[in-house]
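Position chain L relative to chain Y; hints supplied.
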Amino acid sequence: MNFDYTEEQTLLDNMVTSFVRDNYDWDTRCNIVKSEEGWKEENWKQFADLGLLGVPFDEAYGGLGGKSADLMIVMEQFGKGLVVEPYLPTVILAGGLISKLGSEEQKNSIIPKIISGNVRCAFAYAEPQSRFDLNDVKTSALLNGDDYVLNGFKSVVFGAGMASHLIISARTDGDQRSESGITLFIVDTKSDGLTLQNYPTIDEYRASEVIIENLKVSKDNVLGEVNMAYDAIEEIVDISTIAACSEAVGILQVLKDSTTEYCKNRKQFGQSIAKNQVIQHRLVDMMIEYEQAKSILYMAVTADLSNSDERRKAVSAAKARIGKAIKFVGESAIQLHGGMGVVDEYMVSHYFKRATMIGVLFGNTDYHMKRYMTLTQSGISSSDEAISVSVT
Amino acid sequence: MDTAFSNEDLKFQNEIRDFIKTNYPQELRDSINSKRKLGKELSREDLTAWHKILGKHNGWSAPSWPKQYGGAEFTPTQKYIFEQECAKAECQYIMPFGINMVGPVIYTFGNEEQKAQHLPGILSGEVFWCQGYSEPGSGSDLASLKTSAVKEGDYYIVNGQKTWTTMAQYADWIFCLVRTNPEAEKPQQGISFLLIDMKTPGVTVRPIKLMDGSHEVNETWFDNVKVPVENLIGQENMGWTYAKFLLAHERSGIAGVARSKKAIERIKQIASSEMSYGEPLIQDPAFKAKIAAAELELSALEYTELRTLAKDSAGKGPGPESSLLKIKGTDIQQAVTELAMEAVGYYANPHLGTTLSNEYVGPDYATNLSGTYFNFRKASIYGGSNEIQRNIIAKMVLGL
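Protein chains in written order, with the working numbering: chain Y, 4 to 395; chain L, 78 to 477.
If we strip away everything but chain Y, and leave its shape as in the complex, we get:
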């Protein structure tokens, strides 16, 4: 029983921590998010040099063979620095799908390029009507000779504007909400038939609406088996959800620590406002929420993710619980910062905004609560044993 990092993990943690410290001070970050591109290519090159882009990939393709715990370490530190480069979309989400479903040929041709920093990917799955349902896919793909022709619309695709490639989910069979009949295609972002409408998000990341009109994709660029992509999508989105939760935990730590510091320094009525018990208890409750969030993240990271029911349950438990912590810690941080909390200039609001948007990412608290309940509360039978109750 231990929650210590291995030696390799400690090195990884130190490496990402120093990257954030040396390359991501607040002013630098402000310039990055205000820039036309919304990210910094130099940072991406540095990720490649540091080996960060290879963390989750199999060693056979030049990766480090890392697990969820390793991704947790990276994302937690990225969260602390509000790092906007598209690591989650490229490495964890799209990279995860390619690792899971790609043919040997596809893996050999793409993964090394992701690791070297030359290819960035985004995963276009959500649609205006789908909300968080991964099975709700209207975008169609029809086979015409050796090509598929895709038509449809994808919403809020994170990192698409920075990507060289998109992975698109489209329906090749079944009705709009059927789990079977979904197929993944990997396409060049500059393909004819693909229009990207890029925009900044409220938390200063970048996303795109993707309009797909008669997009021709060769059969060779189908990722995995035709009609059978759903299980892999769900699994990789789950793994990515743990990564998002890790980022959130990093952010919550900053919110809790910086708010505690702020309250110690802020003086009113001739004394530090942290002398007021009403403030102290709010800070303690923020700390408790942070610790509980971190604990349930550890639960998810150490769960048996190879068992799909176990994985679903753990991921939804973590996302729902961390969503609750995000709301409490985030809103409290703003409240305790007073006027400084609500201005754009001071950093606390930026952490709050990012954490809140992570709350939405891959399904919000209610969404995951419902999934958790469906997984844990079916099949309870009253006749299993004679009930005699003592609750104490």
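Hint data in this document are derived by calculation from the structure and do not stem from the laboratory.
These numbers were taken from a predicted model, which means no experiment stands behind them.
Every residue, glycine too, gets a C-beta built ideally from N, C-alpha and C.
Be aware that a few hints might be false.
[Claimed, not checked] Reference excerpt, derived from the structure (chain L facing chain Y, CB under 10 angstroms, subset only):
1. 157
2. 197
3. 216
4. 471
Just chain L now, kept in the frame of chain Y:
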């Protein structure tokens, strides 16, 4: 990061399971269950029978005591497993006053005679202890306590009143914080730690009835009680140090995770039997959501406890984080007792086992769930109220 138990731990877990299966008496289970259902007071025998059985087996009644004093000296992980297995099997919990509280104070600060006199009886469960800390005017502000002990020759003459003395009605001994120096500069500096035989003339115990009708706590009065000076622990006026040690010493299991898990399991079973809108209550979206919320909180708390445990195993010792376990653990216990009461609808009403009615009504599983809910409001108040726990974290962890 590794949360799997080692093979040795798993072997240990099996050993505990087997031991409980073979040795936990069915009569004890029946006796306690039937009394609980009627909200009746547990007897001294009910409270100590399991303790006595464990006391005869490799010091298992004292999981954290050193072997030298007859304890089991479990590793933190073993302690965790032991508590989990006992909770899963719904074993009666061991009264904490001897084993977790005064025992460690005696073997840490007591002299050889005191160790020889008291430790064996605590270990075996033959001697029943209670705690004399709180007074009517000293709750959260414990250091303001007034019960006085004035040295006269070979005796301290003790006068005053303690309150909330849990199970004093059965106790053979009480460990007390008393004021030996009323002139000390700070209130904490004039306090001593005294062991008092409950049979000494001048000690009077009066019951306090809680809102569920139960008798767990008492007022304990001291009227010119003569206590031999040999019963002073450590040095005079150093009692506050020992009291703080005691508070920090044994906090494992404070969160009650395993017992709350068991309770949620029960609630799910009840909610499968209870009907609402023509469907099992367990299908009701609002109720289901509350159960799920409790489960998530508990799952997070379990890992908070494991993290504390891992820190403890690494010899870093549990710090003021144990306040967090207390706050969250009791929050969940209260949520769970409320859900159980809520699950049985109208059958939360009957108050059985009073002198007015001694018969069962309603479903077997519903009895006394409201009593337990009302009783458990105590959890966020005792052991340092949850507000005081927040003060502790604010000071010790956040440095405010």
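A quick look at each hint next to the structure:
1. 157: It holds, given that the least Cβ distance between residue 157 (chain L) and chain Y is near 8 angstroms, below 10 angstroms.
2. 197: violated, 29 angstroms
3. 216: Nearest chain Y Cβ about 16 angstroms off; hint violated.
4. 471: Because about 4 angstroms separates residue 471 (chain L) from the closest Cβ in chain Y, which is inside the 10 angstroms limit, the hint holds.
Against the hints set out earlier in the document, violations occur for numbers 2 and 3.
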